[in-house]
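> Listed below, chain by chain, are the residues.
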Amino acid sequence: MLKKTCLNSCHIDAGGKMVDFGGWEMPIHYGSQLDEHQWVRESAGMFDVSHMTVIDILGSEAKSFLRKLLANDVDRLKASGQALYSAMLNHEGGVLDDLIVYRLADGYRLVVNCATREKDLAWIRACAEPFGVVVATPGQLSILAVQGPEALSILQSVLDPAQASLLSQLAVFESGVVGDWFIARTGYTGEQGAEIILPNAGGETLWQALLAGGVRPIGLGARDTLRLEAGMNLYGSDMDEGVSPLACNMAWTVVHNGRDFIGEAAVQAARAAHVQPRLIGVMLKERGVLRAHYPVYSGDACVGELTSGAFSPTLQCGIGFARISASRQPLFVEIRGKRLPIEPVSLPFVRHGKPVYTIIS
Amino acid sequence: MAETRDNVRYLPSHEWARLEADGTVTVGISDHAQDALGDVVFVELPEVGRAVQAGEEVAVVESVKAASDIYAPVAGTILVCNDVLDAAPETVNEAPFEGGWFFKLQPDDDNALNELLTPEDYRALCATDDH
Chain Y
0 MLKKTCLNSC HIDAGGKMVD FGGWEMPIHY GSQLDEHQWV RESAGMFDVS
50 HMTVIDILGS EAKSFLRKLL ANDVDRLKAS GQALYSAMLN HEGGVLDDLI
100 VYRLADGYRL VVNCATREKD LAWIRACAEP FGVVVATPGQ LSILAVQGPE
150 ALSILQSVLD PAQASLLSQL AVFESGVVGD WFIARTGYTG EQGAEIILPN
200 AGGETLWQAL LAGGVRPIGL GARDTLRLEA GMNLYGSDMD EGVSPLACNM
250 AWTVVHNGRD FIGEAAVQAA RAAHVQPRLI GVMLKERGVL RAHYPVYSGD
300 ACVGELTSGA FSPTLQCGIG FARISASRQP LFVEIRGKRL PIEPVSLPFV
350 RHGKPVYTII S
Chain B
0 MAETRDNVRY LPSHEWARLE ADGTVTVGIS DHAQDALGDV VFVELPEVGR
50 AVQAGEEVAV VESVKAASDI YAPVAGTILV CNDVLDAAPE TVNEAPFEGG
100 WFFKLQPDDD NALNELLTPE DYRALCATDD H
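Here the protein sequences line up with chains Y and B, keeping their order. With the first letter of the first sequence counted as 1, position 227 gets the number 226 in numbering that gives the first Met the number 0; the numbers rise by one all the way through. With the first letter of the second sequence counted as 1, position 95 gets the number 94 in numbering that gives the first Met the number 0; the numbers rise by one all the way through.
The following block holds chain Y by itself, in its conformation from the complex (with noise of 0.2 Å):
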């Protein structure tokens, strides 16, 4: 039996094609994949990512416990509000996770992946309990996502005076808090937007309104392209337990500041001996589609392959990650059997609905 989200017939009713997704059953897309894309690049859509997991840190010692737990530095969260993203790593230094910590007045707010949910419940309160701090899973929650070029002007115009309020005040990677609803202007799609996590009793009043706003519904489809095209990684397709930060282009969100934090060791181990592979943005040359797993070569040596792959709507052609142990040119990836050129991209592929990558000689 698949779990649902209170926005479940909310779906269906806009012609969603259900599917299950890591025990749930989410819209894989409402008709067009391409043309929801497109929607979120050129004007809003919304995403129900109500499956996703909230965990609230909250006691006196919650901050020391996160600079423990999480790789990067909770620390650097200078006023309520701001937000980070981060890897939650093993000892051994590999990616147990990777989410955003949102401090709050009285403590932080973690937002997970699903699939992964009970594993980081579990890691968590075991690193939790010498330090004394409270894990609640705040339960009866639905969580929003709107993104896209209009998604700040349409939020203003169907939220309650407080929250439009809030809203207007907060900077990318802030957050705040009104009444109990909690407004975010974080996202998976390189577009301007907000996430809000709400009781489920207010949820489907929220996306008639939107919806009457003239925002979209969009599915998992294009959250993937999305998420691509900006250059964000996917847990378990572009990393996972057995991968470190350094091989999945997170290098940047690992601080070293002489704290001592869980898989630092690893890390820094890592980091000297420089034989771990790198994570990069690839575009196809000719015409086709890249998808995760396909092998890569450079020159004649298979030096890797790709984690993720897809057709860019925005850019009209294949791209995707590839992990690589050697990066020296001509690359190629195989297709059925065929090498065809790739080329290495600086990432996002793109960014605000225009193209921002260049290409690396």
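Rather than coming from a laboratory, the hints here were simulated on the basis of the structure. Hints are not guaranteed to be accurate.
Stated by the list, open to error - Reference listing, derived: stretches of chain B covered by chain Y, where coverage requires no fewer than 3 residues with Cβ under 8 Å from a Cβ of chain Y:
(1) 27-40
(2) 72-81
Stated by the list, open to error - Straight-line alpha carbon distances no greater than 30 Å define the calculated BS3-like cross-link-like pairs of lysine-lysine that follow:
(3) Y:16 - Y:337
(4) Y:67 - Y:2
(5) Y:2 - Y:16
(6) Y:16 - Y:3
(7) Y:118 - Y:3
(8) Y:77 - Y:62
(9) B:64 - Y:3
(10) B:103 - B:64
(11) B:64 - Y:284
(12) Y:3 - Y:62
(13) B:64 - Y:2
(14) Y:353 - Y:284
(15) Y:353 - B:64
(16) Y:118 - Y:16
(17) Y:77 - B:64
(18) Y:118 - B:64
(19) B:64 - Y:16
(20) Y:77 - Y:67
(21) Y:284 - B:103
(22) Y:337 - B:103
(23) Y:118 - Y:67
(24) Y:118 - Y:2
Glycine residues also receive a C-beta, built at the ideal position from the N, C-alpha and C atoms.
Given the coordinates of chain Y, work out where chain B should sit on it, guided by the hints.
Okay, now just chain B, sitting in the frame of chain Y:
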């Protein structure tokens, strides 16, 4: 419910084949197939003049979801491919039985199409697919 056509025969792998008045066979994928694939973004078509066996992989259709092989419904020689799909692969979604055809072939045996699924057989197959 996906549309089916009565003037074509089908493969269990969801290709359709239509015998034309000039004895050639036009091949495409069914409405059921395009719906299951989602937006088509690229079609790799066979070389004209290639001799193919029934059931041989001759083309690939790439959608936002996956890459799928397209099989020759009958033995024959590829006569022409649908160049429209190079610039407008979405035609496969919009008109799978019309403008979204893949290629035409000259069959080795005029009667070979009779071996394929009838529209009734194919509808029954899709009905079991849906559940």
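> Going through the earlier hints one by one, which of them does the structure break, listed in rising order?
Hint check: 2, 3, 4, 12, 17 fail, others pass.
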